[in-house]
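So you can see what is in the structure, the chains are spelled out below.
Protein chains: 2
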Amino acid sequence: MQINILPEELPRCWYNILPDLPQPLPEVKGDLSVAAKILVGECVNQEFSNQRWIAIPEELWLNFQKSGRPRPLFRATNLEKALKLPPGIELYCKGEFQSPTGSHKVNTALTQAFFAKKEGKKRLVTETGAGQWGSALAYAASLMELDCTIYWVRAVYNWKKSRRYLMKFFGAKVFASPSKNTEVGRNLLKENPSHPGSLGIAISESIEDVLSHPDTVYCLGSVLNCVLLHQTIIGLEAKAQLQKINRYPDVIISCVGGGSNFGGLALPFFGDLFREGKKIKFVAAQSEGAANLKGEYRYNFADYAGLAPQFKMYTLGHQTKLPPIKGDGLRYHGCSPIISLLRHLGLIEVKTYPTDEKYVFEKARLFLRTEGWLLAPESAYSAAAAIDEAERAKEAGEKKIILFNCSGHGFMDMEGYHQVLRL
Amino acid sequence: MQINILPEELPRCWYNILPDLPQPLPEVKGDLSVAAKILVGECVNQEFSNQRWIAIPEELWLNFQKSGRPRPLFRATNLEKALKLPPGIELYCKGEFQSPTGSHKVNTALTQAFFAKKEGKKRLVTETGAGQWGSALAYAASLMELDCTIYWVRAVYNWKKSRRYLMKFFGAKVFASPSKNTEVGRNLLKENPSHPGSLGIAISESIEDVLSHPDTVYCLGSVLNCVLLHQTIIGLEAKAQLQKINRYPDVIISCVGGGSNFGGLALPFFGDLFREGKKIKFVAAQSEGAANLKGEYRYNFADYAGLAPQFKMYTLGHQTKLPPIKGDGLRYHGCSPIISLLRHLGLIEVKTYPTDEKYVFEKARLFLRTEGWLLAPESAYSAAAAIDEAERAKEAGEKKIILFNCSGHGFMDMEGYHQVLRL
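Residue numbers (our numbering), protein chains in the order written: chain A, 60 to 482; chain B, 60 to 482.
There could be a bad hint or two in this list.
Heads up, the list lumps identical chains together, so a pair's fine if it works in one copy or across two of them.
To be verified - Calculated pairs, SDA-like style, for lysine to any residue (alpha carbon to alpha carbon, straight line, at most 25 Å):
hint, residue 1, residue 2
1, K140, R182
2, K220, L480
3, K177, L142
4, K303, I64
5, K96, E178
6, K303, F333
7, K337, L301
8, K453, E178
9, K181, L142
10, K380, V409
11, K140, K177
12, K220, D415
13, K453, E204
14, K303, R111
15, K140, I115
16, K249, D274
17, K140, E67
18, K453, E149
19, K140, G354
20, K143, R357
21, K227, E68
Think of the hints as simulated: they come from the structure by calculation, not from any bench.
The task is simple: from the sequences and hints, build the whole structure.
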């Protein structure tokens, strides 16, 4: 079964959780003047806004439609059958995988590119880990007729050829990071000419690039309040879709790296929790190798070199080496300040899965064979946690409406699945 | 802009053009008892049905929803702008690429698997060229809990690793064709142990496999009347979508190999032409290297070995070697009898493009950079023909509503694009 609303019913506002948080978000530490200089102006305004509903400009709203929004909500009836779930336990999957570049990242990419263009910028710069964010920004830049440069963690750049071609097909310039373009990059290459890189290093390179070029702006694919704000379109759509069939979720689940796809789905429902006292269980699915929500809650840099300001967040430390996983998008040392605060308040359960990824990929296989959708490795964590939650509810004899986010597709990740599952 | 209907508005019937054709479809020649034995029974009934509207069974209709139907119709406003089209020339793209396996093929795969299961079959067998059809059948078999065996043209099998993994991830058994499983295959391998294969050979292997195994049924991804029937859901959806904005197409365009995606979009509109005298121009986009609609209109075998019956169709000859192209899905010697008859009646214009594919891939690049959707190599031909038609109309000062089918996505075809465009 599919549940959807019409394109003309697409939400017209984002939901900003800041005014509804039970306590203020801890302040950012450090020199914000740099951030203000390199980021899209409108995004900086949104970052600290106290306005609950922020209107989506009409032209951008039409671009969301162009990107395929609203995206369907699927009731996973075949999966329910395979799990022998009793009536009353229902699984709903939000289909963010139906995206032009394969993930939810386009929601904020289109937004940042739109405002950058409006502010007279000519060029977007960013870093990417898994490659989903880089592709999304390349897409958005292309639609808005802007130039785009991407610093891509070398270890991933080397093997994800298809995604590299995709970014270039969109017209983006793509560099393996560390690169020769920046001071940070050149220093690291001196130590090790085939340095594998990290997301933190690539962020440092991006910031240095933006600071040394005119009309250029830095775009960020996760962590920031404004990025989570842009992603709330996911949760707002899902809420409207569930309303059509008179359902409201008891459990909301998604994978968490920087926190943007989780936040996008969950924040509008957190709003209901804070404003209307709704009871909802929130589950964040993570890799044991990058379980930043099980780290320390403290001030930490967002990037490797410490060029970015410090956020109060759950972190594993900004220079900690994380083991490689196929779900690269979950491989980041810190979690978004908003999600971190919600976790700190005891409102988010964290479920972690082994670094060899066999367990989560087997769940992705079950989801594929029953529902037919090929998940991104990151989304395999969401499906695994949703399945685990359903089985827990079944054992406990509880009724549960479970909503989970499938943030991306895996058409460009088959090699990763093969390496783990030997297809 | 996106135009869509709700899942609950998904058409409930397929449109069968047979009773509306201005002259009867030439009869199939040869022993039909074999075909009747190997095909899904309900498909054989549909093949010769004279019923105009054929109801889609409820359970299958829900599976269509599960596969993401209805799929959006996009007005390609950015592309229109890039082409500097005057008001009155509008481009509408049907988004079949939003499919679980990447193409429109799932529409008939789900249908054949559904009826096979109903008829007590346990195993589906087929051949595949580009790999889209094989993936679609693997998907459908998995959803219906049936076994699936796929004979894949070796030349393509060897380099499309990701798609091979995908079929196996769904649980299908996949063999490079010619294979050791069949007499036909073994004979060809004796001549040449690394025989590159062809679609015709793979069809022969599939038929032999089915004939020698119980509870097994042969599924075909194109050419047959019933396959085109199943695909009419595309055109019926598109018509309902265009109605919502008070539009009716002047020109309908799609790429043609066996003819199923073209037929799926076009046949419901041909119905309007025959029954209501609507004036519509139909354009089939093909490769110069496989322009079967520019071949001879005569009886010919559908397969290489001549095991299948003979159809009256436009053909290049069933043992003719066709040059390799990235749009493998268009590389078949003959065209579906229905499309062939419509062509014979002078109702379809054929537009061919050079075998090096540079021209069509450049149009796919333009479509990607303006609209953001990554087309399958086959769909690049549709986009090219739509763009050419729009430019022709512009020069002629005509108003035109142009509807074209984008039958698949290219996430698993980036290597092909790279080889031609050097990304």
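Violations among the numbered hints, reported as their numbers in ascending order:
Violated hints (numbers, rising): 8, 16, 19, 20, 21; every other hint is consistent with the structure.
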